[in-house]
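4 protein chains.
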Amino acid sequence: MSHIQAEHLKVQTLGPCKFDSPISDWLVKRAAFKPGIGVHDRMLYHDHLSSLTEYAVMDHERVPSFEIAGPRAKLFWKPKKVKAGIVTCGGLCPGLNDVIRGLVMVLHHRYNVTNIQGFRYGYEGLNPAFGHTPLQLTPQVVKDIHHDGGTILGSSRGPQDTEVMVNYLMDRGINVLFAIGGDGTQRGALALSQKAREMGKPISVIGIPKTIDNDVRFVEQSFGFQTAFTKAVEAIKAAHTEARSAQNGIGIIKLMGRHSGFIAAYAALAVNDANFVLIPEVDFPLEGENSILEALEKRLQRRDHAVIVVAEGAGQKYCSASAGTDKSGNQRLGDPGLFLKEKITNHFKSLNKPITVKYIDPSYMIRGCPATPHDSVLCFRLAAYAAHAAMSGRTEMVIGKWHGKFVHVPTQAAVSIRQQVNPFGDLWLSVIEATGQPRWEPAEDCALH
Amino acid sequence: MSHIQAEHLKVQTLGPCKFDSPISDWLVKRAAFKPGIGVHDRMLYHDHLSSLTEYAVMDHERVPSFEIAGPRAKLFWKPKKVKAGIVTCGGLCPGLNDVIRGLVMVLHHRYNVTNIQGFRYGYEGLNPAFGHTPLQLTPQVVKDIHHDGGTILGSSRGPQDTEVMVNYLMDRGINVLFAIGGDGTQRGALALSQKAREMGKPISVIGIPKTIDNDVRFVEQSFGFQTAFTKAVEAIKAAHTEARSAQNGIGIIKLMGRHSGFIAAYAALAVNDANFVLIPEVDFPLEGENSILEALEKRLQRRDHAVIVVAEGAGQKYCSASAGTDKSGNQRLGDPGLFLKEKITNHFKSLNKPITVKYIDPSYMIRGCPATPHDSVLCFRLAAYAAHAAMSGRTEMVIGKWHGKFVHVPTQAAVSIRQQVNPFGDLWLSVIEATGQPRWEPAEDCALH
Amino acid sequence: MSHIQAEHLKVQTLGPCKFDSPISDWLVKRAAFKPGIGVHDRMLYHDHLSSLTEYAVMDHERVPSFEIAGPRAKLFWKPKKVKAGIVTCGGLCPGLNDVIRGLVMVLHHRYNVTNIQGFRYGYEGLNPAFGHTPLQLTPQVVKDIHHDGGTILGSSRGPQDTEVMVNYLMDRGINVLFAIGGDGTQRGALALSQKAREMGKPISVIGIPKTIDNDVRFVEQSFGFQTAFTKAVEAIKAAHTEARSAQNGIGIIKLMGRHSGFIAAYAALAVNDANFVLIPEVDFPLEGENSILEALEKRLQRRDHAVIVVAEGAGQKYCSASAGTDKSGNQRLGDPGLFLKEKITNHFKSLNKPITVKYIDPSYMIRGCPATPHDSVLCFRLAAYAAHAAMSGRTEMVIGKWHGKFVHVPTQAAVSIRQQVNPFGDLWLSVIEATGQPRWEPAEDCALH
Amino acid sequence: MSHIQAEHLKVQTLGPCKFDSPISDWLVKRAAFKPGIGVHDRMLYHDHLSSLTEYAVMDHERVPSFEIAGPRAKLFWKPKKVKAGIVTCGGLCPGLNDVIRGLVMVLHHRYNVTNIQGFRYGYEGLNPAFGHTPLQLTPQVVKDIHHDGGTILGSSRGPQDTEVMVNYLMDRGINVLFAIGGDGTQRGALALSQKAREMGKPISVIGIPKTIDNDVRFVEQSFGFQTAFTKAVEAIKAAHTEARSAQNGIGIIKLMGRHSGFIAAYAALAVNDANFVLIPEVDFPLEGENSILEALEKRLQRRDHAVIVVAEGAGQKYCSASAGTDKSGNQRLGDPGLFLKEKITNHFKSLNKPITVKYIDPSYMIRGCPATPHDSVLCFRLAAYAAHAAMSGRTEMVIGKWHGKFVHVPTQAAVSIRQQVNPFGDLWLSVIEATGQPRWEPAEDCALH
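Residue numbers (numbering that gives the first Met the number 0), protein chains in the order written: chain A, 0 to 448; chain B, 0 to 448; chain C, 0 to 448; chain D, 0 to 448.
Some clues are possibly wrong.
For chains that are exact copies, the list does not tell them apart, and a pair is met inside one copy or across any two.
Using 30 angstroms as the maximum straight-line C-alpha spacing, the simulated DSS-like pairs for lysine-lysine come out as follows [said to hold, decoys possible]:
{"hint": "1", "residue 1": "340", "residue 2": "17"}
{"hint": "2", "residue 1": "200", "residue 2": "73"}
{"hint": "3", "residue 1": "79", "residue 2": "316"}
{"hint": "4", "residue 1": "28", "residue 2": "80"}
{"hint": "5", "residue 1": "9", "residue 2": "79"}
{"hint": "6", "residue 1": "404", "residue 2": "9"}
{"hint": "7", "residue 1": "73", "residue 2": "342"}
{"hint": "8", "residue 1": "80", "residue 2": "9"}
{"hint": "9", "residue 1": "348", "residue 2": "9"}
{"hint": "10", "residue 1": "194", "residue 2": "79"}
{"hint": "11", "residue 1": "348", "residue 2": "17"}
{"hint": "12", "residue 1": "79", "residue 2": "352"}
{"hint": "13", "residue 1": "17", "residue 2": "200"}
{"hint": "14", "residue 1": "352", "residue 2": "297"}
{"hint": "15", "residue 1": "316", "residue 2": "9"}
{"hint": "16", "residue 1": "142", "residue 2": "348"}
{"hint": "17", "residue 1": "194", "residue 2": "17"}
{"hint": "18", "residue 1": "352", "residue 2": "142"}
{"hint": "19", "residue 1": "348", "residue 2": "200"}
{"hint": "20", "residue 1": "9", "residue 2": "342"}
{"hint": "21", "residue 1": "82", "residue 2": "17"}
{"hint": "22", "residue 1": "9", "residue 2": "77"}
{"hint": "23", "residue 1": "194", "residue 2": "340"}
{"hint": "24", "residue 1": "340", "residue 2": "142"}
Because the hints were derived from the structure by calculation, they are not lab data. The structure presented is a predicted model; accordingly, all values stated were derived computationally and were not measured.
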């Protein structure tokens, strides 16, 4: 088939559908929740503006679209004149070393950029007050670092003064900076680029979004996320084993996910040992009808054990103390795992039913892992695209992924929209099917609302 | 940011690009190779026809688009009347049991379909001449099968007589059939559905494409593929270890990939121990200037050891004997791994340079693995979508993935377009960057030509 | 060499030793600590009494020796009349299912014993008051259980009334009982056998010692121990990664080991990322000269990060609150990991030196694992020996290992001597060499004292 | 219990044994096969000559015994004057880098030996004709090498001229040499030490036996062996999956084991998926009564699939061509895996029964692995003992293990006795119990004969 045409993509059906689905009410609710993304819509074969023009009259100025990532034939920077810097910020995430390695390899081998400095311990490394000396990065230095978790540059949380950092970079002649980090880091990078332009010494500042929670909308699947849920599966299996081995054994696993429950959802779906998955996007009643405690009682009656996977941002309305914010300015969360452990223990004590609760928090054992092969490939490619973007003079943008392809995303857009599990989406539907847990309502925190 | 508009996605640049890229010639070639997918194109933000209508005047009849997969509010089949069948065909691929499990779980728990039969040993199981008795599949039977590789149903290669199979299905009252297999299997399923309609007893025949090579265009990433390259990484590491431990040690790893080199490319990129990656899509001269042997000589001089990853379909012009076809009708391939081993051995013997060649073929150790957590999730979701499609009366289609979303693809379209590594694409560029191997020309076999 | 003679085992030396070893003082201390096991002793080639008789005049009655485990040509029980029971007690340990599986396989296939009952939830399953129904165990039931961690029988802590249990067993006609559990469990099994003999209805009660800590003297290496330290290595690696990625990062890993630090010692030695290993057998000063805090300060000055592995029973003199005992009668321990975390945090706060401490407790992720292949083999063999012992009418004994060979150990002897890390032994010397930590004195708790 | 006495180790029995065991005939054969190691023998509690003296009148000169390994208070070599060399020879084995690392760490940190040279590519590195430059080994160089398989020094097969090597070592002032390798390597090391003594310049030559097959009698469990069978388990699982997924599927896995079937036996026992285990120590009839082909027919009739594990040295009487010897002087073996594949294929063709045979040879994927944590610990300890032995002036010996303890073994004794699976031992009995295969007779090759 040399050229796909519309009729090639028509699906055969046996006839009209006359019977109600067992979840037809839920499907109606879903259509109302996010109108316009219904199952009767069709998905475009083409995703490039130019290809589509053949079929549609486009108002190119108005059609939202992304610049495609990739190497350009013409460069803004003369490779010989480039002095590049790399900085890693915030909590650990599998793949950081892979990204550093990829940046150095592509800058060096592809563009002959030989002056690459690795700033130590996050933005602290751009503030001379801390006295950290940068690492000189060469292919020899980074050759094997992807076998280890963490970041050879070290990391720290929180911002530093923008002007101080820009002055530091200028003193060292850095004209290209790669910032690997989360929302706060990218906002800092944006401020830094703007300040540099203001000061008449523009720097290409390219971000590589780091979010183990997979919660950046324009990244689709962030590096480290697959490694994270792959490792999380082991924790769920262990909790399941403990739960099954005691009468009325209950295993609780707290997983990463401040605002988005992707790790919990994917890990639970992968291993099918969880009976309840609690995520920030979905509300759950504690007691009474259709509640977690009621469902847990029934589960124990029926099967003698239960496994609960809870994302760290779930159930905050029950457990978020006025805990203030951390150094990076993120709201501190209450611990829904410990909260549930206590609540469940007291509940069954009041029912006079002996239970055994085991609580697992594998957080650091996940964050410190080396990347899986899939994430290694992803990191190398993100790094290559970041290098290409920098060489072409882009700035104030991050490398994103959209519809499975790598794109340039303005940092402002990237940090403004969070990716969350759609409480009416097919992913969550699969979780409900796999666990058999009650269908609960979307949470207030769910950005799709 | 409540609503993304075109200007939100504009990327900041520091100014015009005046310098030639080191690969600008190659980028020109690339644009010529696959015109219209250039880096100056932009990628659409919207991928739903209905969303795009806001910005564009659409000729809906002509714009190629896919039906979106998912549960429908109305069903074609009355759940109580459904008798479902499942069949797995062809070579092993990680995740087969996950798909079987997912189908049974969703049919049973979501649609209350309780009569589900697993036909044994591929299409043989639909031919009474073989005398195989189907397995009755229940949630209890499939509960833990995803922990094992392979398929509990067994498999076989090659077709059976269509009419015989349709009669067999009708005798047993099967009205929904799931066919898990490759190209040949899906063609067989198509014929089967057409024959059943002809005979006035339509069956919903839904395919789940199985291709460890990841070579189906409308599937984007097939189940088992990630598991395959994840395991392949171990073989490359072992070959690298053997190569480094001998003076002039050469490790050759043959990986799966009859027509598409994705496994070789991803595995090599993940681990970065390979110095040469040979895939069906890219030609390579054997001897003389810019050839593999010349490059290998240089590599040994410089580094004393080398690792070659070769996809089974690479270099066929050198090694494909007139080997005929297998039972499924696939052309038998020559073995480029053994061919290279001999060629290289003779070459260095003639140069009087002692070398040590170790040849690794990990094929069965990869095909028989259980799925990684990522592939387990993918399989469960593919199965859920297949169940939804069947219940709504679709037929002669497979579950595909397009731009990261699950879609319905007519079987005819699915089997007619192969997915291959684009020899001018960014993935292959990354492989060249990571290995340092010569840039070779696209092969004749490369469908993009 | 057909027959080894004394002279064959003489080692060649180059001449007399004239120089002091850097640790000669320590070696003198060591000789004093455990006199008679010095390096000038020689080790016997023969370990069987009968073989040695050729060379030595033996007072057979006085020479301590073990009965060798293995199948006997004559049996006490008529296989047809055997009704066997299996019970698993206490905390989880990798390999429990392997042992259950091995018992069933050997009893069934070797001895044609078909009535095998698996009692649920530890000794609770022998007390009808709990109403647990035993599982009927067959090869079909146990075929694949070794792929999962935990125990299919379930477990519980603590004893039940001996007479109640004996009556329950007699009512069911059980004449052979296998008790898989720790010290408390074996003491319970001993009481049970004695009571049954008293009541004139003897039961063969054979124990298989379960101790993840590897602290039973006559078992040498207990099942599950290798799996435990193999998994513990991952936790140490993760802590190391976290520690290195922060300036003055400190990782603390708490590992199993109530009285014996084998898991901590082996895991630290295997991965070589730990800088301090704290075990129950070795004392450590907190502050001042030669203390952990002083050594930690120096380490941070020199290397910017540190990793501390602490066995749960270490440092009890600092942290054991009057925490009472658990259901099995074990003294509850203070948590030396949390204690150290707080102590270290306060110490460096007082020095005004910012540090980052990450605390990892992987306990449940280790206990719930399936056994490694080595432990699977060990479990199968322990089970086979236990079955052989039971069929020959042995009772009140456990299967042990001595000098690398499986032996029968009277339960009374097995529970009376603890195996501990010798603070002057070569294992601990290797740990000191690998970590560079100070040489500290043996703890009061060290049974070798 | 402060002091174990003979009566503490008496096991309780319920009474005399009156019934015949189902394998009593086999047990009689076993007693005849290896007289003196019967089950009525008892095993000594004490294994030190000095401890035993309390109970027995010893003829110390005649009682065979080993020198115990460990650090000595007095050294032969002045640490400052030591120049050490390390060489690795023969095929790869997991743990080589761990041993190298351990030697460097202990020599450097314990004895302040700073001049340590790593000779490249086996004994070639001691022959200047090859022009290999030694690596200067420091803690910094070897710090992380244990994470990789293979040997950083490289290896080669076969001997070099002894005099040439001794002269080379003397020219460089080497007075301590560590030889890591198999039988041939240790024989070479012995010759080297003898020649050096002859020439009046004695060298401490200490061997660390490397045998992935675990076939050295005085080593009990060689480094790399556990890693090998742990990885072999994966190959068996894959073969099992392939076999089950085809009707009459047969999986054949060839594992290492030239003269000793330990890897095959342990791997098969660990995973319990094998139906036949063929090892060099046990003969098997090909055709006719009680033969492998007959047993295979029955197995396929009963279960539709079969898995065969074959050690590379098994069935040589059927397949060893006159293949000559390799560079190290080892007899080349016929390939019993390919032989069986062909034999089985033809056999069932003649019976007109369609089968599917899959053949897996995971050899290189096993040899190139990094060591498991257990093997890492073992390697570090072997290295430490080797360093201690060398410093005390021992020579012409290897580090062995006897009854679970590390000992010094004269090289002559070590290379003269092979460790094999006892065809009447409990290990092999467990294999027969786990597979259900026929009981076959000991092979001619079985050294215990």
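Check each numbered hint from earlier against the structure, then list the numbers of those it violates in ascending order.
-> 1, 3, 7, 9, 11, 12, 15, 16, 19, 20 and 23
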